[in-house]
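This is what each chain is made of:
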Amino acid sequence: MGRMTELPTKGGFSFDLCTRNDMLLKNGLQMPPFRKTGTTIVGLVFQDGVVLGADTRATEGPIVADKNCEKIHFMAPNIYCCGAGTAADTEAVTDMVSSQLQLHRYATGRESRVVTALTLLKSHLFSYQGHVSAALVLGGFDVTGPHLHTVYPHGSTDTLPFATMGSGSLAAMSVFESKYREGLTREEGIELVAEAICAGIFNDLGSGSNVDVCVITEGKTEYLRNYQLPNPRTYISSKGYTFVKGQTEVLSTKITSIQPKVEAVEGGDAMEE
Amino acid sequence: MSIFEYNGSALVAMVGKNCFAIASDRRLGVQLQTVATDFQRVFKIHDRLYIGLSGLATDAQTMYQKLVFRHKLYQLREERDMKPQTFASLVSALLYEKRFGPFFCQPVIAGLGDNDEPFICTMDCLGAKELAKDFVVSGTASESLYGACESMYKPDMEPEELFETISQALLSSVDRDCLSGWGGYVLLVTPTEVQEKILKGRMD
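Chains A and B, in that order, give the protein sequences.
So the first sequence is numbered by UniProt numbering: it starts at 1 and just counts up by one.
So the second sequence is numbered by UniProt numbering: it starts at 1 and just counts up by one.
One chain only, chain B, in its complex shape (with noise of 0.2 Å):
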């Protein structure tokens, strides 16, 4: 088994209309067991700024505590909040960092930039920056991801139908994922407002 798929995770971002959507699945395991149905995949480092992280859960929880300290030390020296490009490369820094020990996870970034843009990418676990237009996938689901975010997404929703879209092709992707599931979490990020949505799915 490989060791992204010990705790198992499935992580999507999406680009709307001066809006983007972060989801991700709430399970928790041990190789086959479940352990937790209400587990934090999806963090925030600033108001507009959310990051996603896949893999070993304990790898992600270590990144996130890393990132969360460099952001508030970036905070401190500039006086302002960093941009989603800037954390983007941070976060690729640190990754690359361990190349030859890595970090077992896989981050999704989600972040409103300047004017109002939305910003999405992905990363594996060595750090290789991946920057999409339309939608980024990671996890133990991530090729039902592809699959349901390749037909389901179309450019420019607006925040409602973005929310509808991005719920529809995670539950969808994660019901063929034994790893992953147990309900979804959906977090819409507009430039006024941030929705936290907590999804019904099979719990199986």
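The following block holds chain A by itself, in its conformation from the complex (with noise of 0.2 Å):
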């Protein structure tokens, strides 16, 4: 017996409008472009802790969609992920393994661990067997000291003193190679990030904008948003455009006014006496 209505379904990836999809190709249309963050992510461990950085782009084929998106993604208080891929990839695996520490930290009453989230991303990008297109760069301190690992997505990891991902990772690679040692301070680290994504905005053209910083270290985290702005925009018309009222043709109008809505709070606390 079939259900007559969908119900919200439990969770997890619905292969229902395949069939049709695969028709719809051999039909010769083709499918879309999907965002993708042509990226450079970048992060490195120094005295104190881990800086990860990040470029502002998000492309839609050659476009930009996206001038100042963040990347820079929230796993834990103590942790945080840098994705490269599809956008809807990355966002919708760091949010769901950030939801899945949270409910852990209920579990163990213990802070996360960044080892916690490495485990709980390459299992589930390895079993969608590289489809779900993340790469990604997490970052974060616990109890066991900084940590700094590279997830790609077939779900293979890398635990490194510095990393790259994403198309400017080369052009980020070779400031680090050239510029990186151990024990680095917090303002040296922090540059260093800076001038790494720099070269991958102005070298990759998959990358661009802005640059984001987060600085995490025993105790404390400092999400630097735009830390630098090194394109701003220098065009803008002094005067702009101003469209004088009725200059749009206007064929029919409609006007409806919205309703406040009123909550209605029943007559006092019958049983308080």
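Treat the hints as calculated values from the structure; they're not laboratory data.
Please note that a few of the clues may not be correct.
Below, in silico cross-link-like pairs of lysine-lysine (BS3-like), each with a Cα-Cα straight-line distance of 25 Å or less [what the hints assert, rightly or not]:
#1 B:Lys-66 - A:Lys-239
#2 B:Lys-200 - A:Lys-67
#3 B:Lys-83 - B:Lys-66
Going by beta-carbon spacing under 8 Å, a handful of chain B positions derived as facing chain A [stated by the list, open to error]:
#4 Ile-3
#5 Glu-97
#6 Phe-103
#7 Phe-104
#8 Leu-126
#9 Ala-128
#10 Gln-195
#11 Lys-197
#12 Lys-200
Fair warning: this is a prediction, and the values are worked out from it, not measured in the lab.
No residue lacks a Cβ here, since even glycine has one placed at the ideal position from N, Cα and C.
Fit the two chains together into the complex; they arrive one by one in their own frames, and the hints show the way.
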């Protein structure tokens, strides 16, 4: 007996449109380009913790869809994750693991560990065999110290003192390979990360706009959104466009007023005597 | 031809001072043949929240029906309307659920949140949210719309000026796109009223 109405599903992916989409592809229609974050994301370990950095451009094919998107995602108060690849995948996978970490914190009563986030991410990505296209740089500071990992779409991970991912990773890695050393101070770490991201912004076409930085140390996390703005908009016309009222030809108008919704509270607390 | 170019569409939403406007074209086509010139792409979810759906028209209508269903259930359970941010998360989740066999539609969500703060956002067909403070665009005319909005937009516009700006941006962009046009439909929402206007455009 088939179900008449579609109840909200219990979660996970639903494949019901796949047969129809395959039929459309066979009939010559092309799949649309998904929004990607053609990106530069980096992370490095310094003497007191971890610094993560990312650019802020989101692309849809060759067009810039978002000039100031956020690529450093919250996982736990002491763990953040930068994402590259298909934007929907990075957002969904980091949100999902962030919720799982919160439930785990409630169950254990302890601060989350970076390796927990790492294992949750890699097992999810491996089970989808690379079809969930998310390449991540995961960094945090827990009871065992500072950690930095990279996670690839197929589920493999690396543990590194400095890492770069995304289309601008080669530009950023060249900066790290020449200037990284162990025992950097906080200021030096932030400067180096900003320089690496700028190398990606200026040399890679898939990365651009601003630099976001996140510094995670013992007991304290600082999310420096738009730490550097090296691409200000300089071509703003001083006059701008001014349209005279009534310039646009209107065929018909319909105006409805919005009724304010009033909350009816039942009179008094009858039981309270 | 891409699946998104099968029906053709143009959608734009802009933020003003305590108000927002959402506009669409009115053409429905089957590849290069026009089938309707009064097609509705912007739908009401509740008094202060609207969603525009571009892309494949059948998927847009199905998405709208699913969303209205979910919102009505929410209203019954919570006894209030959904906030725009919550609704955006709902749309994103519904789209991502179909990650490997997606709906071919790109939503544009516009609503008035708490304190009459306007909220706009757009997503790709997989549900990757893009929150913007100024304007969002979607559809086959999106590239022209990006250019037109980028130059015509000013922050903190009053409702009348916002209406003129969004209309001019929409009409000039659809003139450069074969698959969208045949008039325009603009919805302007302020905390006290909703104005729906049909625009006169080129019918080619």
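Structure-based check of all given hints:
1. B:Lys-66 - A:Lys-239: violated (45 Å)
2. B:Lys-200 - A:Lys-67: At roughly 32 Å apart (the allowed maximum being 25 Å), Lys-67 of chain A and Lys-200 of chain B break the hint.
3. B:Lys-83 - B:Lys-66: holds (17 Å)
4. Ile-3: OK, holds: Ile-3 of chain B within 8 Å of chain A, min 4 Å.
5. Glu-97: holds (5 Å)
6. Phe-103: Hint on Phe-103 of chain B: holds, closest Cβ of chain A at ~7 Å, below 8 Å.
7. Phe-104: Hint on Phe-104 of chain B: holds, closest Cβ of chain A at ~6 Å, below 8 Å.
8. Leu-126: With a closest approach of 4 Å, the Leu-126 of chain B hint holds.
9. Ala-128: Ala-128 of chain B check passes; min Cβ-Cβ to chain A is 4 Å, inside 8 Å.
10. Gln-195: holds (5 Å)
11. Lys-197: Holds, because the Cβ-Cβ distance from Lys-197 of chain B to chain A comes to roughly 5 Å (cut-off 8 Å).
12. Lys-200: Constraint on Lys-200 of chain B satisfied, holds at 4 Å.
The earlier numbered hints that this structure contradicts are 1, 2.
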